[in-house]
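Novice: Chain residues, written in single-letter form:
There are 2 protein chains.
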Amino acid sequence: MKLFTRAFWSVELAEVAMANITKKVSWSSRTDESGVASEGTPLLNGAEQPRHSRQLSGGGSIFQIGRLSTVDLEEEITTEEDSLRGRLKEIPHNEKLLSLKYESLDYDNIENQLFLEEERRMSFMSFRCLEISRWVICGLIGFLTGLIACFIDIVVEQLAGIKYQVIKENIVKFTEVGGLSISLILWAVLNSSFVMVGAIMVAFFEPIAAGSGIPQIKCYLNGVKIPRVVRLKTLLVKVCGVICSVVGGLAVGKEGPMIHSGAVVAAGVSQGRSTSLKRDFKIFEYFRRDTEKRDFVSAGAAAGVSAAFGAPVGGVLFSLEEGASFWNQMLTWRIFFASMISTFTLNFFLSIYHNKPGDLSNPGLINFGRFESESMEYNLYEIPLFIAMGAVGGLLGALFNVLNYWLTIFRIRYVHRPCLQVMEAMLVAAVTATVAFTMIYFSDDCQPLGPDHTEEYPLQLFCADGEYNSMATAFFNTPERSVRSLFHNQPGTYNPLTLGVFTLTYFFLACWTYGLSVSAGVFIPSLLIGAAWGRLCGILLASITSTGSTWADPGKYALIGAAAQLGGIVRMTLSLTVIMVEATGNVTYGLPIMLVLMTAKIVGDYFQEGLYDIHIKLQSVPFLHWDAPATSHWLTAREVMSSPVTCLNRIEKVGTIVDTLSNTSTNHNGFPVVVRVSDNDEPAKLCGLILRSQLIVLLKHKVFVELAQSRLTQRKLQLKDFRDAYPRFPPIQSIHVSQDERECMMDLTEFMNTTPYTVPQETSLPRVFKLFRALGLRHLVVVEDNRVVGLVTRKDLARYHQGRHGLEELQLAQT
Amino acid sequence: MKLFTRAFWSVELAEVAMANITKKVSWSSRTDESGVASEGTPLLNGAEQPRHSRQLSGGGSIFQIGRLSTVDLEEEITTEEDSLRGRLKEIPHNEKLLSLKYESLDYDNIENQLFLEEERRMSFMSFRCLEISRWVICGLIGFLTGLIACFIDIVVEQLAGIKYQVIKENIVKFTEVGGLSISLILWAVLNSSFVMVGAIMVAFFEPIAAGSGIPQIKCYLNGVKIPRVVRLKTLLVKVCGVICSVVGGLAVGKEGPMIHSGAVVAAGVSQGRSTSLKRDFKIFEYFRRDTEKRDFVSAGAAAGVSAAFGAPVGGVLFSLEEGASFWNQMLTWRIFFASMISTFTLNFFLSIYHNKPGDLSNPGLINFGRFESESMEYNLYEIPLFIAMGAVGGLLGALFNVLNYWLTIFRIRYVHRPCLQVMEAMLVAAVTATVAFTMIYFSDDCQPLGPDHTEEYPLQLFCADGEYNSMATAFFNTPERSVRSLFHNQPGTYNPLTLGVFTLTYFFLACWTYGLSVSAGVFIPSLLIGAAWGRLCGILLASITSTGSTWADPGKYALIGAAAQLGGIVRMTLSLTVIMVEATGNVTYGLPIMLVLMTAKIVGDYFQEGLYDIHIKLQSVPFLHWDAPATSHWLTAREVMSSPVTCLNRIEKVGTIVDTLSNTSTNHNGFPVVVRVSDNDEPAKLCGLILRSQLIVLLKHKVFVELAQSRLTQRKLQLKDFRDAYPRFPPIQSIHVSQDERECMMDLTEFMNTTPYTVPQETSLPRVFKLFRALGLRHLVVVEDNRVVGLVTRKDLARYHQGRHGLEELQLAQT
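Line by line, the protein sequences are chains A and B. Going by numbering that gives the first Met the number 0, the first residue of the first sequence is number 0, and it counts up by one from there. Going by numbering that gives the first Met the number 0, the first residue of the second sequence is number 0, and it counts up by one from there.
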């Protein structure tokens with residue numbers, strides 16, 4: 000039977016993936032290592048047992064197999080694991096796995112008695128004040144994000160200015176006397192040393208700060224807790240790291256990291272304290288929970304986009320596209336406000352820096368410059384050309400992603416030690432400098448110096464006096480400036496060969512660079528590659544048709560190419576259109592940019608996912624998409640739920656609670672609370688849900704029935720106690736419970752969420768999924784006549800995905 | 000006790016409102032009339048009984064009063080109704096009521112066995128095809144909406160051209176010979192006759208087509224079924240009506256109605272048939288349910304905005320701001336696509352019409368013209384000025400809304416007969432013409448004719464040769480052109496007195512016009528008023544400071560004023576910013592426009608709600624806002640739910656079903672289905688939920704257990720049968736059930752939704768609200784240990800709102 004063959008094949012893949020599990024994963028390399036060390040060998044759910052492989056086809060019958068809980072699996076699999084590991088080491092495929100190490104966030108309010116009492120005590124005025132403080136926080140987030148962007152921009156500009164000046168003088172010197180190889184070495188060494196500093200910080204101090212941070216923020220907004228992603232230390236490393244990598248001349252941008260920076264700022268400001276600095280300002284305590292924090296992080300991400308591209312609306316849309324599931328008007332306005340303030344702050348300070356105080360018309364870190372409407376008009380017959388360019392962008396983007404995917408797998412397997420990562424980054428920096436130098440050296444594309452000197456560091460090299468080397472404007476420059484000159488320089492500034500060679504080399508350099516242990520974004524390199532081949536297209540078209548005027552501006556094609564390439568790589572549509580339109584400052588190009596981005600997405604998606612999604616998958620993050628897979632109506636809550644579930648009684652023995660929490664196999668982090676009606680053996684009724692973190696706080700404060708009775712003075716536990724412990728709840732091991740205390744009882748009534756959402760067993764997967772996604776749930780209790788029969792968590796839903804051959808199921812791994 | 004005083008006061012208000020209930024309400028005047036006729040006298044829930052008034056205060060204790068079902072109330076109140084009606088006729092306040100006449104829409108899929116079977120039968124390819132057809136439909140929606148916009152634009156331009164040409168010739172003739180009163184009469188008669196045609200169509204044929212249609216579309220997207228809002232006839236009347244009212248020279252725009260038109264097109268195209276034309280194309284049958292239809296209507300509304308303002312992104316944001324609760328990425332992209340195609344189509348055809356084929360750079364019905372970046376730069380010290388203008392806009396907007404609110408109440412009470420409505424519309428048209436003529440006549444603001452002739456119909460009147468009357472550019476012109484000339488004409492084109500007088504008169508004219516029985520929008524008049532006083536501000540500022548260059552362009556202030564005024568009236572923030580930015584074609588002004596709109600909203604909200612919200616409230620529509628009122632944590636599902644609920648057995652007697660459906664007091668339109676465990680008197684267990692519409696279809700097809708057993712050939716009921724009946728399910732009265740058949744049994748198992756969402760009684764109102772809103776529910780079953788204890792519907796939630804003095808509760812009225 001064909002279906003079975005495929006099922007076996009999928010098991011094979013899963014087995015193959017085994018090889019990869021113990022390898023370090025760059026996002027959170029250090030926890031992984033310790034995790035693997037303490038828990039022994041990683042587990043694989045369902046390997047080698049065909050009955051565990053539940054690959055389903057939408058068209059046929061359904062495999063109804065009871066779900067094995069991880070407890071059983073652990074025993075079954077550890078025995079076979081050694082032989083497995085020996086046999087299967089070919090291709091690591093850990094995007095076929097789903098990691099169990101990520102916790103979820105609670106984006107649904109925990110409505111327990113304490114919470115309701117507090118809400119009821121609050122007057123309308125208090126809610127007003129809360130609302131106002133939300134606005135204040137958003138304003139602060141925007142302001143600080145703008146400041147950070149401003150800081151990065153100024154520092155990068157200063158350092159890069161010094162660097163290019165030094166190298167330029169050196170080149171000028173050695174062009175005359177010969178021995179340009181010394182200049183090359185100087186350039187390579189300067190680049191490598193900057194990059195080394197950045198890479199060391201990232202690799203040794205905070206690996207989570209690597210890359211653009213966009214995949215991590217996507218996960219956070221989606222509801223997955225990525226450890227240390229919104230910490231102060233991450234922000235510091237990120238900011239310094241991005242300065243180093245941009246100044247180090249890597250093929251990177253400083254825009255992507257702004258999004259991460261904004262998110263960290265938001266998470267910090269909104270909590271009114273810093274755990275790292277051990278400072279608690281005793282403000283904004285109400286916001287110390289996941290729901291509120293997420294809202295602010297959305298605003299922070301939007302403020303980041305807004306500062307990076309001068310695109311406040313684009314920022315809002317980015318946050319919504321990536322994060323929000325339930326669209327709330329007030330929240331959107333606050334996000335908008337944060338974005339607005341962020342652009343404004345950046346603009347204001349940059350205008351002072353540029354000695355044009357008060358001129359707010361040039362927003363954003365990357366500024367595409369002014370597109371004059373007259374030269375940029377387009378005509379109907381150009382639309383098919385734009386669409387074709389979109390398709391090319393999609394193809395090139397898919398190629399980029401495939402290459403980067405292989406590279407990332409290679410890195411996961413072989414380049415996982417921090418020192419190796421630093422060395423790789425330095426190597427890339429040196430190679431980038433060498434390639435750039437070689438290109439410039441062998442280029443004979445000399446252009447007359449324009450009267451307006453748009454080139455910041457024109458290199459004369461072997462050109463005649465009054466001319467400069469055209470290749471150098473592309474390579475010997477910060478990428479932002481290169482993009483701008485590709486958009487705006489006069490027709491004829493670049494010759495086609497220069498552009499072609501530049502595209503080719505920069506494409507591979509950028510691809511190699513993304514995923515290094517440095518903080519850096521992929522937006523600008525993508526734009527640069529696209530602008531280069533787009534301009535090339537424009538020049539070629541002009542030479543073919545030679546009709547003059549309408550084709551005269553290759554800058555137009557550079558813009559379209561940039562959009563196509565960026566769209567092909569990251570695959571955002573709506574927000575990217577708005578970002579591009581806002582960055583160009585010209586709405587006229589809205590329509591072609593949209594068309595191009597959509598084409599790029601459709602073409603690209605045919606081959607490979609977007610870059611961020613690839614990296615999320617490679618981390619085996621249980622990421623929930625917008626909808627359940629199309630053909631998943633076959634599945635019901637009964638099949639997807641975890642069962643049996645560890646339940647607690649409403650008044651439970653402390654010992655039982657401690658044991659439950661200490662048992663790593665009950666890893667749901669949430670426990671249904673039940674109450675027994677009578678002594679007969681019918682299952683107990685559901686009466687609430689309590690989280691692991693709440694139990695930890697209760698244990699820490701020793702909220703035991705007996706103590707409350709004996710010590711009359713014992714303070715009643717308040718919401719504040721939970722908020723103080725949030726978000727870094729201590730592990731159960733750190734809480735000492737004596738043998739006597741183990742015999743005490745704990746009353747959970749006040750603390751449990753008394754009205755958890757429930758579904759009956761027959762509920763179809765899409766319905767469960769919708770409920771889960773729309774409400775931002777973490778646990779969904781499956782009941783049969785109000786008796787707990789199972790629990791659905793994020794992992795149970797994220798496991799299913801629509802593969803090319805019908806519904807596929809990812810394996811769960813304890814990695 | 001103060002609380003009780005207020006409670007009584009609120010009852011007084013409710014009683015006062017009685018006076019108004021029998022009056023016709025313009026949205027759906029004819030159903031109202033018939034409704035009142037058939038059901039006798041209207042009912043008021045809770046009038047005169049202080050114990051029914053449940054005004055709650057957030058800070059104190061809670062009134063726990065059991066909810067009276069409408070059945071009881073009907074009897075109690077009808078007896079007192081006559082005396083009530085005699086006594087209370089002072090101020091109608093029907094925004095303090097909540098009408099029970101509106102049905103809700105099912106924005107949650109009905110997952111019954113039939114549906115699941117169909118979904119399971121479908122392969123991945125079928126889902127692909129469905130997805131593709133969704134895109135095709137969105138493309139069609141965009142295309143048709145664009146065509147309609149194009150049609151309206153061309154017809155209006157032609158007709159208005161003829162009209163103004165005729166009048167101009169007449170004025171020119173009579174300026175020389177004297178007797179300009181004949182010109183005035185000609186103008187007034189021409190205007191009135193155009194408006195008469197439009198008003199007759201609207202008042203006699205389709206009252207729902209009155210106004211801009213935006214409040215209605217808001218309600219539809221919110222989940223309230225407004226009768227006939229998306230019918231073909233409505234579209235026809237709307238299109239003709241808007242042409243007539245714009246050509247008739249009313250202070251209206253053709254932009255608002257585009258949104259309604261787009262929505263109707265979407266509802267029509269997506270269903271693949273026209274019930275009015277009795278044509279079924281047998282396509283898109285899968286989309287014949289509320290969930291899918293709503294998605295397309297969102298796309299249609301977005302396409303309408305996009306066509307009206309050339310703002311595709313603004314359109315998407317409008318749809319999201321007004322409609323969507325659950326943000327879905329794929330849906331957003333489709334909406335975006337529809338918007339894009341719509342602008343594109345409009346542009347393409349208009350470019351052909353304007354003899355510039357293929358020039359797509361000037362999108363939208365209203366085109367703000369090209370704002371040159373150089374002249375439009377702004378500086379930091381202008382920001383406070385902009386904010387002050389925003390505040391003025393908010394104040395003026397609130398004044399506009401308050402005046403319009405009084406006027407609407409007056410209209411509801413006294414101008415409810417169609418012929419009166421037509422006469423009022425004609426009167427307004429004549430007055431508009433007279434006022435305009437008088438203004439032009441007495442104005443001595445003569446300006447030299449520019450070399451570029453931006454004025455379409457320059458009136459010389461008493462001006463010297465080579466000059467024209469400046470007042471005439473504002474009044475003797477379509478409003479779109481007037482807006483454009485206010486934005487772009489050279490400084491000095493208008494003198495301040497002209498602008499001041501124009502603002503004043505146009506403000507009152509526009510206010511009087513909105514709410515007439517004609518199809519017309521309020522966007523353009525708002526922009527025009529704002530542009531006029533904005534330009535005035537600019538001129539005054541320039542004369543005060545006289546620093547020359549920076550203040551030189553009053554067009555900048557006109558733009559800001561327009562934004563402020565529009566924001567003050569309609570109070571949209573995010574979408575309006577984007578719409579304005581896209582319409583100006585210049586991103587530079589994004590930040591000031593945002594600030595202005597936010598200020599206008601904050602200031603305006605202090606005094607009065609937005610115009611659309613006022614009209615929605617005056618119709619007593621059960622509109623659900625984004626969040627539950629802040630201080631509603633006091634309430635739980637137990638207090639808000641309707642109880643007792645009519646339940647049906649899984650296998651139910653036909654007679655019982657018919658009786659249940661015939662009983663108008665069980666107006667929930669949905670019935671929990673229960674199954675009895677044993678014969679003891681413990682309440683039955685919930686096992687599903689079935690809708691009134693489903694039962695109607697079942698009865699119509701006589702799906703009885705006995706018939707199925709006797710006639711082996713009886714066709715099994717398919718989803719198709721339900722889809723064919725959608726959305727106009729016949730009333731129960733039209734279905735004949737014989738006495739024998741009444742004794743038959745009906746098995747609901749296959750047709751009921753087996754997994755309705757449930758909540759326990761203790762769930763707080765905000766939690767219930769969130770569930771309801773996020774999932775687009777219509778019925779939420781309240782259970783106690785899986786036994787039905789109540790049902791929460793939209794009206795139960797919409798009743799509560801945050802008043803100035805804490806939580807208030809609206810009264811339910813059977814009107």
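Keep in mind that a hint or two might mislead.
One copy or any two copies: either way a pair holds, since identical chains are not told apart in the list.
Unchecked claim - 20 Å max Cα-Cα, derived EDC-like pairs, lysine to aspartate or glutamate:
| # | residue 1 | residue 2 |
| --- | --- | --- |
| 1 | Lys-719 | Glu-761 |
| 2 | Lys-355 | Glu-381 |
| 3 | Lys-715 | Glu-761 |
| 4 | Lys-162 | Asp-739 |
| 5 | Lys-719 | Glu-749 |
| 6 | Lys-224 | Glu-205 |
| 7 | Lys-684 | Glu-761 |
| 8 | Lys-699 | Glu-740 |
| 9 | Lys-652 | Asp-604 |
Hints are computed from structural coordinates only; laboratory data are not their basis.
Novice: So, for every hint listed, does it hold in this structure?
Specialist: Hint check results:
1. Lys-719 to Glu-761: Intra 39 Å, inter 24 Å, cutoff 20 Å: neither.
2. Lys-355 to Glu-381: So Lys-355 and Glu-381 pass the 20 Å test across copies only (15 Å; inside, 38 Å).
3. Lys-715 to Glu-761: neither (41 Å within a copy, 23 Å between copies)
4. Lys-162 to Asp-739: neither (68 Å within a copy, 96 Å between copies)
5. Lys-719 to Glu-749: Classified as within: same-chain Cα gap 14 Å, cross-chain 50 Å, threshold 20 Å.
6. Lys-224 to Glu-205: within (16 Å within a copy, 55 Å between copies)
7. Lys-684 to Glu-761: Result: close both inside a copy and across copies, 19 Å intra and 15 Å inter.
8. Lys-699 to Glu-740: Within. Shortest intra-copy distance 12 Å satisfies the 20 Å Cα cut-off; inter-copy 68 Å does not.
9. Lys-652 to Asp-604: neither (53 Å within a copy, 54 Å between copies)
Checked against the numbered hints above, the structure breaks hints 1, 3, 4, 9 and satisfies the rest.
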